[in-house]
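Colleague: First to last, the protein sequences are chains A and B.
The numbering of the first sequence is this note's numbering, which starts it at 1 and goes up by one.
The numbering of the second sequence is this note's numbering, which starts it at 1 and goes up by one.
If you are wondering where the hints come from, they were derived from the structure by calculation, not from laboratory data.
In this text the structure is predicted, and so the values were computed from the model without any measurement.
Be a bit skeptical, because a hint or two may be false.
What the hints assert, rightly or not - Label pairs and their in silico Cβ distance ranges:
| # | chain 1 | residue 1 | chain 2 | residue 2 | range |
| --- | --- | --- | --- | --- | --- |
| 1 | A | T230 | B | E106 | 25 to 31 angstroms |
| 2 | B | G166 | A | G272 | 30 to 36 angstroms |
| 3 | B | T140 | A | A227 | 21 to 27 angstroms |
| 4 | B | E61 | A | R254 | 51 to 57 angstroms |
| 5 | B | D44 | A | G272 | 35 to 41 angstroms |
| 6 | B | E61 | A | E224 | 21 to 27 angstroms |
Claimed, not checked - Some but not every residue of chain B turned toward chain A, in silico, with C-beta under 10 angstroms:
| # | residue |
| --- | --- |
| 7 | A19 |
| 8 | E22 |
| 9 | G24 |
| 10 | D97 |
| 11 | F103 |
| 12 | T170 |
| 13 | R171 |
| 14 | L174 |
In this text, a Cβ means the ideal position worked out from N, Cα and C, and glycines have one as well.
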Amino acid sequence: MAASLRVRLLVWHALIMAGVLTAFLAVWLHELGRSRELRLDEELRGHALAVGASVERGPVGGYELDLPDAELDYFAGGTNTPGEAPYYVVWTETGSVIAGSTSDAEQAPARPLLRTRSGRREVVIRGKAGTLVLVGRGASTLSVRDLGGKAVLAAGVALALAFVGGYFLTSRALAPIDRISRAAARISEVNLSERIDVGRTEAELENLAQTLNVTFARLHAAFERHARFTADASHELRTPLSVVITQAESALRRERQGEDYRKALEAVLRAGRRMQGVVDGLLTLARADAGALRVEKEPLELLELARETAALLGKDAEARDVRVLVTGPETWVLGDGHWLGEVMGNLLSNAIRYNHQGGEAEIRLAHSNDVVVLEIRDGGPGIAEEDRPRVFDRFFRADKGRSRRLGGSGLGLPISKWIVEAHGGSIEVVSEPSPGAVFRVKLPGRIGGA
Amino acid sequence: MRVLIIEDEVDLATSLRQALEEEGFAVDVAEDGEEGLVKAREVDYDALLLDLMLPGIGGLELLETLRREGRRTPVLVLTARDGLEDKLEGFERGADDYLTKPFTLEELVARIRALIRRSSGRPEALIEIGGVQIDLASRTVRRAGQAVTLAAKEYALLEYLALHRGQLITRAMLYDHIYDETEDTLSNVLNVYVANLRRKLGDDLIETRRGQGYLIPDGGIS
Numbered sequence: 001m002a003a004s005l006r007v008r009l010l011v012w013h014a015l016i017m018a019g020v021l022t023a024f025l026a027v028w029l030h031e032l033g034r035s036r037e038l039r040l041d042e043e044l045r046g047h048a049l050a051v052g053a054s055v056e057r058g059p060v061g062g063y064e065l066d067l068p069d070a071e072l073d074y075f076a077g078g079t080n081t082p083g084e085a086p087y088y089v090v091w092t093e094t095g096s097v098i099a100g101s102t103s104d105a106e107q108a109p110a111r112p113l114l115r116t117r118s119g120r121r122e123v124v125i126r127g128k129a130g131t132l133v134l135v136g137r138g139a140s141t142l143s144v145r146d147l148g149g150k151a152v153l154a155a156g157v158a159l160a161l162a163f164v165g166g167y168f169l170t171s172r173a174l175a176p177i178d179r180i181s182r183a184a185a186r187i188s189e190v191n192l193s194e195r196i197d198v199g200r201t202e203a204e205l206e207n208l209a210q211t212l213n214v215t216f217a218r219l220h221a222a223f224e225r226h227a228r229f230t231a232d233a234s235h236e237l238r239t240p241l242s243v244v245i246t247q248a249e250s251a252l253r254r255e256r257q258g259e260d261y262r263k264a265l266e267a268v269l270r271a272g273r274r275m276q277g278v279v280d281g282l283l284t285l286a287r288a289d290a291g292a293l294r295v296e297k298e299p300l301e302l303l304e305l306a307r308e309t310a311a312l313l314g315k316d317a318e319a320r321d322v323r324v325l326v327t328g329p330e331t332w333v334l335g336d337g338h339w340l341g342e343v344m345g346n347l348l349s350n351a352i353r354y355n356h357q358g359g360e361a362e363i364r365l366a367h368s369n370d371v372v373v374l375e376i377r378d379g380g381p382g383i384a385e386e387d388r389p390r391v392f393d394r395f396f397r398a399d400k401g402r403s404r405r406l407g408g409s410g411l412g413l414p415i416s417k418w419i420v421e422a423h424g425g426s427i428e429v430v431s432e433p434s435p436g437a438v439f440r441v442k443l444p445g446r447i448g449g450a
Numbered sequence: 001m002r003v004l005i006i007e008d009e010v011d012l013a014t015s016l017r018q019a020l021e022e023e024g025f026a027v028d029v030a031e032d033g034e035e036g037l038v039k040a041r042e043v044d045y046d047a048l049l050l051d052l053m054l055p056g057i058g059g060l061e062l063l064e065t066l067r068r069e070g071r072r073t074p075v076l077v078l079t080a081r082d083g084l085e086d087k088l089e090g091f092e093r094g095a096d097d098y099l100t101k102p103f104t105l106e107e108l109v110a111r112i113r114a115l116i117r118r119s120s121g122r123p124e125a126l127i128e129i130g131g132v133q134i135d136l137a138s139r140t141v142r143r144a145g146q147a148v149t150l151a152a153k154e155y156a157l158l159e160y161l162a163l164h165r166g167q168l169i170t171r172a173m174l175y176d177h178i179y180d181e182t183e184d185t186l187s188n189v190l191n192v193y194v195a196n197l198r199r200k201l202g203d204d205l206i207e208t209r210r211g212q213g214y215l216i217p218d219g220g221i222s
């Protein structure tokens, strides 16, 4: 189970309270005990002085004690608790007892002192004529145990109250967090386009609420992108699929001539090839998305790759009467020949397709500093300004009808973008004054030979 | 019945045309939105097959425009998009029916026929007039219980008159609804078909209004 913030807060709160109360009580009780002790000592001392002043020489020598009434009362213990009656003893200088209120024959102490003996506090001073006077009484009044007991009880009650108060306090403090987490749960379950109301959030939690809102926005956008992609992919596959099915159904409806069957099969083949293009593209993208596609880099010379690509597409270029040029110096990069070849092939075949008859398509290589620039240009109608940002979106078609008729799968550019970026490069559509489209690929490169 | 296919997939349009022609329809094809709009305005088609993903004017926009201009031609939307929102939007803009690709021809033809029957105000497929029973779904005709063989255009003519029974149909309308744009016709070929129909099904079935046209009287409905 996860540790509870509330429990932790309460425990700490209780511990601190207990600590504070304990320290306070200890100090207070200690001081109380001390002050009681001091008072008692003062009292005993006072009476000891009185006793000491009451020593008189006896008529036959020796000493006598003539206590005033007040002292007699005091030592009679009338006002004191039983068993706690004060007592006194007076010794001569030499240690023989002159008088005493207790029958305990005590050893004369050596000199004046203050002491506690078997639960009794005793004061010894010098009286008249060198006598030693001892006054003592039970020290149970010194004990703070009774008060201490009550104090601990009171502290216990205070602690309990503090605990209860702390519980309510933490509930109130944690309530906003609970509110936010409930709102977040509802949003994520019901409608990702809703947001937490940051205006109603406490200052400390504002960051939390805003971060959550940003996360929801990103999730929402990702889900929308995914839904759109799935819808587009489904459409791109269903369309040629319906050609296959309708052509086959129609051809089989009645007995036909060989020529009719041939035409139907050709249409089916065209559609099948289109589906193949889409499926291959989807698989590549799916693998790339899952991180399962590896780009294996080795020294690669791009001019030769460009020439090979141009040769591969020679027939298509001829069919559309488009001239293909390859210009630039020998250019080396660290790259994957298969994938970079795909990029060139895709860009060049677009340049050939979206071109006028008699037009030109050019692969131009250049390098400066450590960047290799590969440009593919065509003299066709180009790409409209508003379409440029979306040109690398999956299944994006600037002109739906045309590109489909020309055999595009709608995935060539997104795949090319992925490949280029996997090489640490960039790809963009460039605005130029002359008509036609220019795609510029930048790759980290090495100048000169291998 | 004459239908217009508005579909930019050439391979699909050609096989649809072939299949529908073999089912007795007169078929025209448009390859994009503009062409489709022009044709739909020019001719009173019995049904439109409309693909939504068209270059230029999209299918939905075309549909909306036609409805706004008062065209009540039944429209069956064909599309590869099967999302609910797409369907709802199609119906909202005025589509009468919806088929997602890929579809079977059998279903397509059945739906087109149902659409056409419904829009003529008489949705039932079986018609009985006099002793003649016409099954519009199976395209068969019986007279007094006996099956009667008709040529394709003879049936097409009969079908149109029967679906609009009680209404006077001019010769021009008949031409418009049983021939497509590519077919040249001899102006008196209709007379020949009508004469054949009378011979096979009885004189009372089709009435001639001199100088105006033909009609099949509104008889009992089976």
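Colleague: Hint by hint, say whether it matches the structure.
Modeller: So, going through the hints one by one against the coordinates:
{"no.": "1", "hint": "T230(A) / E106(B): 25 to 31 angstroms", "in the structure": "29 angstroms, holds"}
{"no.": "2", "hint": "G166(B) / G272(A): 30 to 36 angstroms", "in the structure": "50 angstroms, violated"}
{"no.": "3", "hint": "T140(B) / A227(A): 21 to 27 angstroms", "in the structure": "47 angstroms, violated"}
{"no.": "4", "hint": "E61(B) / R254(A): 51 to 57 angstroms", "in the structure": "37 angstroms, violated"}
{"no.": "5", "hint": "D44(B) / G272(A): 35 to 41 angstroms", "in the structure": "39 angstroms, holds"}
{"no.": "6", "hint": "E61(B) / E224(A): 21 to 27 angstroms", "in the structure": "23 angstroms, holds"}
{"no.": "7", "hint": "A19", "in the structure": "4 angstroms, holds"}
{"no.": "8", "hint": "E22", "in the structure": "7 angstroms, holds"}
{"no.": "9", "hint": "G24", "in the structure": "13 angstroms, violated"}
{"no.": "10", "hint": "D97", "in the structure": "16 angstroms, violated"}
{"no.": "11", "hint": "F103", "in the structure": "7 angstroms, holds"}
{"no.": "12", "hint": "T170", "in the structure": "33 angstroms, violated"}
{"no.": "13", "hint": "R171", "in the structure": "31 angstroms, violated"}
{"no.": "14", "hint": "L174", "in the structure": "27 angstroms, violated"}
Going down the numbered hints, you'll see the structure goes against 2, 3, 4, 9, 10, 12, 13, 14, while the others check out.
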